[in-house]
Amino acid sequence: MRKAFIDSLIDSCRKNRNIFLLTADMGFSVFEGFQKQFPDRFYNMGVAEANMIGVAAGLALSGKKVIVYSIVPFVTMRCFEQVRNDICLQDLDVKIIGSGGGLCYGSAGPTHHSIEDIAIMRSLPNMVVLCPGDPLETKLCLRAAIENEGPVYIRLGKGKDEWVHESLGRFSLGKAITLSGGSDMAIIVTGNMLPVAKKARDIIASHNISARLISMPCVKPLDKDAIIKASKETKFIFTIEEHSLLGGLGSAVAEVLAENRSKAYFKRFALPDKYLKFVGSQEYLRGKLGLDDKSIARDILKIYKKEK
Amino acid sequence: MARNYSDFSDCNRVSKQVRHAILLMHAASGSSHIGSSLSVADILVALYLRILNITPSNLAAKNRDRLILSKGHAASALFACLAARGFIPKKTLGTYCMNGGILPGHSSFGCVSAVEITTGSLGHGLSVGAGMALAAKHDRLKHRVFVILSDGECQEGSVWEAAMFAGHHKMNNLVAIVDYNKLQAFGRIKEIMDLEPFAKKWQSFGWSTQEVDGHNFRQLLSSMNKLPFTKNKPSLIIAHTTKGKGVSFMEDQLAWHYKSPNQQQLNQAFFELGNL
Numbered sequence: 001m002r003k004a005f006i007d008s009l010i011d012s013c014r015k016n017r018n019i020f021l022l023t024a025d026m027g028f029s030v031f032e033g034f035q036k037q038f039p040d041r042f043y044n045m046g047v048a049e050a051n052m053i054g055v056a057a058g059l060a061l062s063g064k065k066v067i068v069y070s071i072v073p074f075v076t077m078r079c080f081e082q083v084r085n086d087i088c089l090q091d092l093d094v095k096i097i098g099s100g101g102g103l104c105y106g107s108a109g110p111t112h113h114s115i116e117d118i119a120i121m122r123s124l125p126n127m128v129v130l131c132p133g134d135p136l137e138t139k140l141c142l143r144a145a146i147e148n149e150g151p152v153y154i155r156l157g158k159g160k161d162e163w164v165h166e167s168l169g170r171f172s173l174g175k176a177i178t179l180s181g182g183s184d185m186a187i188i189v190t191g192n193m194l195p196v197a198k199k200a201r202d203i204i205a206s207h208n209i210s211a212r213l214i215s216m217p218c219v220k221p222l223d224k225d226a227i228i229k230a231s232k233e234t235k236f237i238f239t240i241e242e243h244s245l246l247g248g249l250g251s252a253v254a255e256v257l258a259e260n261r262s263k264a265y266f267k268r269f270a271l272p273d274k275y276l277k278f279v280g281s282q283e284y285l286r287g288k289l290g291l292d293d294k295s296i297a298r299d300i301l302k303i304y305k306k307e308k
Numbered sequence: 309m310a311r312n313y314s315d316f317s318d319c320n321r322v323s324k325q326v327r328h329a330i331l332l333m334h335a336a337s338g339s340s341h342i343g344s345s346l347s348v349a350d351i352l353v354a355l356y357l358r359i360l361n362i363t364p365s366n367l368a369a370k371n372r373d374r375l376i377l378s379k380g381h382a383a384s385a386l387f388a389c390l391a392a393r394g395f396i397p398k399k400t401l402g403t404y405c406m407n408g409g410i411l412p413g414h415s416s417f418g419c420v421s422a423v424e425i426t427t428g429s430l431g432h433g434l435s436v437g438a439g440m441a442l443a444a445k446h447d448r449l450k451h452r453v454f455v456i457l458s459d460g461e462c463q464e465g466s467v468w469e470a471a472m473f474a475g476h477h478k479m480n481n482l483v484a485i486v487d488y489n490k491l492q493a494f495g496r497i498k499e500i501m502d503l504e505p506f507a508k509k510w511q512s513f514g515w516s517t518q519e520v521d522g523h524n525f526r527q528l529l530s531s532m533n534k535l536p537f538t539k540n541k542p543s544l545i546i547a548h549t550t551k552g553k554g555v556s557f558m559e560d561q562l563a564w565h566y567k568s569p570n571q572q573q574l575n576q577a578f579f580e581l582g583n584l
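Read top to bottom, the protein sequences are chains A and B.
The opening residue of the first sequence carries number 1 in the working numbering; numbering runs sequentially from there.
The opening residue of the second sequence carries number 309 in the working numbering; numbering runs sequentially from there.
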């Protein structure tokens with residue numbers, strides 16, 4: 001996703017001379033090309049995220065479109081009040097790019113796990129929250145973010161994310177992407193869990209169950225219509241995300257279902273509401289926490305057979 | 309712009325009007341921070357009357373100066389100045405901190421068009437000002453960005469992140485002014501968390517500094533007319549001030565960080581200010 005992001009950004013910067021890129025000393029081996037091409041629009045702000053967000057606000061107030069970049073916890077939580085007061089209160093044209101969403105930095109330990117960011121960012125008025133699921137969604141999300149003139153948060157994965165989509169039409173903010181239709185259940189997924197959800201869906205489909213797969217890169221504004229439609233046309237709604245159970249996609253979908261008299265069975269697959277006491281690769285941690293394709297498929301099949 | 313180095317009668321006159329308005333706003337609304345507003349009032353008057361290239365008609369211009377009141381709790385002083393300079397009608401001051409009013413206790417973006425950014429949480433303004441200064445450099449515009457900080461605010465780590473950034477990038481179009489009244493919310497700065505040696509701290513971050521009496525227009529303007537103090541450095545003015553300046557019973561009294569004057573105190577304060 002990082003490569004898709006930077007390629008797409010370089011593309012945008014060629015067309016728009018107002019775009020600035022600020023990084024809090026992150027992006028080694030990613031940003032060198034950008035820095036070379038646009039030296040007067042690239043600033044390494046040092047290890048000082050709060051200042052980076054404030055400077056971004058000052059640039060945006062002077063008519064610039066500003067991209068800020070760091071690892072998710074540092075660019076969302078370390079400087080949260082700057083994001084709120086300096087950017088969102090003024091509804092400024094600043095795009096916050098967090099890399100390493102969820103458990104990408106699994107072995108780095110809990111400081112680098114991002115399990116609360118979607119909840120936090122989606123609570124901010126004016127903020128758009130995007131969690132692309134593969135490199136193609138990343139390109140489309142970045143394009144949509146650049147076209148937008150307000151604050152946007154984009155939660156990226158890591159370096160080598162799987163491609164899920166071969167092609168996609170035009171993506172617009174607030175719209176879900178339906179990968180496959182289905183009438184027995186709907187699986188709604190956001191961010192870097194998209195490849196896992198797709199594999200889980202394929203396992204489920206091999207049991208002759210018709211499962212709809214909806215990718216929801218735009219967590220805010222949320223495509224309520226797609227959720228309500230799924231809750232009317234299928235009997236089960238499952239959400240999948242690499243984020244805490246609290247406040248992320250699952251919570252957002254639950255809010256829509258609860259307020260629209262949904263009768264569908266509903267379950268969230270997400271990270272537990274706790275900090276992990278062990279480390280490991282992203283794949284290892286997903287397995288331990290029941291967030292791998294096989295565990296998710298097994299759990300969904302069990303529920304489906306019991307409740308249908 | 310006027311550059312009269314001996315006659316400060318305009319500043320003195322507006323300073324009185326601004327103090328009068330501040331007293332009325334706080335008495336009517338019963339809101340806090342009157343001492344902070346009286347402390348910073350003369351700095352704002354000097355800037356708006358003699359220094360800033362900001363007028364009600366050039367607010368949309370890219371190359372006008374910028375002013376950020378990072379100590380947003382002194383908003384009443386800013387609003388009073390803006391009213392005195394014709395940015396907002398004087399009667400709007402009556403809505404300060406009132407139900408349904410448009411002027412909040414901390415200056416907020418959009419409440420009136422001359423407020424550049426929302427402040428009220430300390431430690432934000434200098435970074436935003438640095439961003440504006442960076443944009444001006446990039447666009448080769450000659451205007452300057454002024455940021456007014458409180459002394460207590462300089463205990464925020466983010467102030468020093470911004471100071472380091474501005475120093476590193478040699479932002480000679482950025483000016484910080486500290487309203488150094490030596491009092492913070494709970495007592496004396498010196499006792500709670502001392503800032504000294506204050507000027508040296510800024511100098512070591514790459515800034516050029518001057519210290520002035522923040523209620524003496526001759527000193528304030530003489531300093532402000534020498535900006536930038538050094539060719540390739542951001543400038544800092546340490547303005548030594550008195551909290552509650554201009555009203556004897558409020559001066560240097562912590563209680564007036566919180567209290568607002570009753571009718572009797574208001575009358576006494578007006579008497580001390582004298583004729584407008």
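You may find that some hints are simply not true.
What the hints assert, rightly or not - Below, simulated SDA-like cross-link-like pairs (lysine to any residue); rule was C-alpha separation at most 25 Å, straight line:
no., chain 1, residue 1, chain 2, residue 2
1, A, K3, A, K15
2, B, K478, A, Q37
3, B, K370, A, K160
4, B, K370, A, S12
5, B, K445, A, Q35
6, A, K160, A, I203
7, B, K370, A, F42
8, A, K3, A, P195
9, B, K539, B, E559
10, B, K398, B, K539
11, B, K445, A, I203
To be clear, the hints were calculated from the coordinates, so they are not data collected in a lab.
Just pull the numbers of the violated hints for me, sorted ascending.
3, 9, 10 and 11
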